[in-house]
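Take the given structure of chain F and dock chain V to it, following the hints.
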Amino acid sequence: VSARAALRHEPFASPHLPVVSPTNQAERPKRWVTGVVDREALRDVIPILMGIAPFAMVIGVALGELEISQPMGIAASALIYAGSAQLAAIDLLSGGAGLITVLLTVAVINARMLVYGAALEPMFRDQPAWFRWIAPQFIVDQTYALVLNRPELAHDRERFRRYWLTIGGAIGLVWLGTIGTTLSMGPITGPQSPLNFAPTALFIGMLVPKLAERRAWIAAAGAALVAGLASLLPNGIGLLAGILAGMTLGSFGERRPS
Amino acid sequence: MTAFAILAAGGAVTWLIRVAFINFVPSSRLPPIARRAVEGVGPAAMAALIATELSQHVQTGGTGEPAASLGAAVVAGLAAWRTRKPALTVVVGIIVLWLLGAVAN
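Chains as they are written, first to last, in the numbering used here: chain F, 1 to 258; chain V, 1 to 105.
Just chain F, with the same shape it has in the complex (with noise of 0.2 angstroms):
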């Protein structure tokens, strides 16, 4: 599920939510539970956990082509809280490829998470110093999409603390859930299982939609002209010209008028 996906959903934006703020404590929406839980938070995440679902289900199926345990798999899964870069990364396990390239090519595919951390942090800002450090591992494409939608949060520390707690504890256990889950199962498929090709298909699944623009039309068509004729090139180095590549081309494309 893409971020602008995500924005898609019509419950994230109700009109009838109040503004919160810090002088208008009496109209914050009521805690659930146990006060941990954001009752609109969970509202909307919903339909965020059944979009992931099939995602953390395809990368289960490859963390058990790498024949890694389950404990290893889910604990390696929660580390890295990553799906695309995830299946790239274990991509390059599965065909020999080493620690550097590994690494450059997460930090390449990641590098957008720098860009969502520059937009949410003032909402980190002046947060409990735990906060700061561990909560930031929630930041996904879902999270932060789901944040953008609700800019009464920057108002209230407190509120968004629980908010985005609730929405990364939920995403977090559907996702590892069905990623163990899938793992317990062990391996599913053989070496010419038609179940090998989910991860290529899924990948398919989130370009597609994205063509329409143009800049993404000339990254994606750069990064697959690059990734596919040097393919040949051991240790998956093509692969990470492919996306330096496609990443250069897209932004001479967005300079150029359309």
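For the record, the hints were derived by calculation from the structure and aren't laboratory data. Hints may contain errors.
Said to hold, decoys possible - Chain V side only, calculated, beta carbon under 7 angstroms to chain F, not exhaustive:
1. 8
2. 14
3. 44
4. 46
5. 53
6. 89
Unchecked claim - Partial list, derived from the structure: chain F residues whose beta carbon lies under 7 angstroms from chain V:
7. 54
8. 100
9. 206
For every residue, glycine included, the Cβ atom is placed at its ideal position computed from N, Cα and C.
Below, chain V alone, put in the same frame as chain F:
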């Protein structure tokens, strides 16, 4: 180095990226050109991964008949264009690949 250790190292790199403009560098320091470049990484990464994986499938027969992989990719692309649903695209791609493989054999 084990797969877990490399994935964990990838997690450490990703965490540094996440907290960089929250705890280390003022967010105003991110120049617009860098902002534009990293915003465009999504389509580039997806396309490079698709090209790499299809190339591997064709070279190694990792999902059966090479032509079947290419055909399934085309049909999956059409399904993605029409439905804009990644999960449905996965289901369509796998089914088409299975069908094309069965026909080829």
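Going down the list of hints, with the structure as the test:
Interface restraint check for residue 8 of chain V: the shortest CB-CB distance to chain F comes to about 5 angstroms, inside 7 angstroms, so the restraint holds. Residue-level restraint check for residue 14 of chain V holds (minimum Cβ-Cβ distance to chain F is 5 angstroms; threshold 7 angstroms). For residue 44 of chain V, the suggested interface contact is upheld, since its CB lies about 3 angstroms from the closest CB of chain F, less than 7 angstroms. Restraint check, residue 46 of chain V versus chain F: the minimum CB separation of about 4 angstroms is within 7 angstroms; hint holds.
Evaluation of the residue 53 of chain V hint against chain F yields a held restraint, the C-beta minimum of about 4 angstroms falling below 7 angstroms. Nearest Cβ of chain F to the Cβ of residue 89 of chain V: about 3 angstroms, under the 7 angstroms cut. The hint holds. Residue-level restraint check for residue 54 of chain F holds (minimum Cβ-Cβ distance to chain V is 4 angstroms; threshold 7 angstroms). Proximity of residue 100 of chain F to chain V is violated relative to the hint, the smallest CB-CB distance being about 10 angstroms (cut-off 7 angstroms).
At a threshold of 7 angstroms, the smallest CB-CB gap from residue 206 of chain F to chain V is about 5 angstroms, leaving the interface hint in force.
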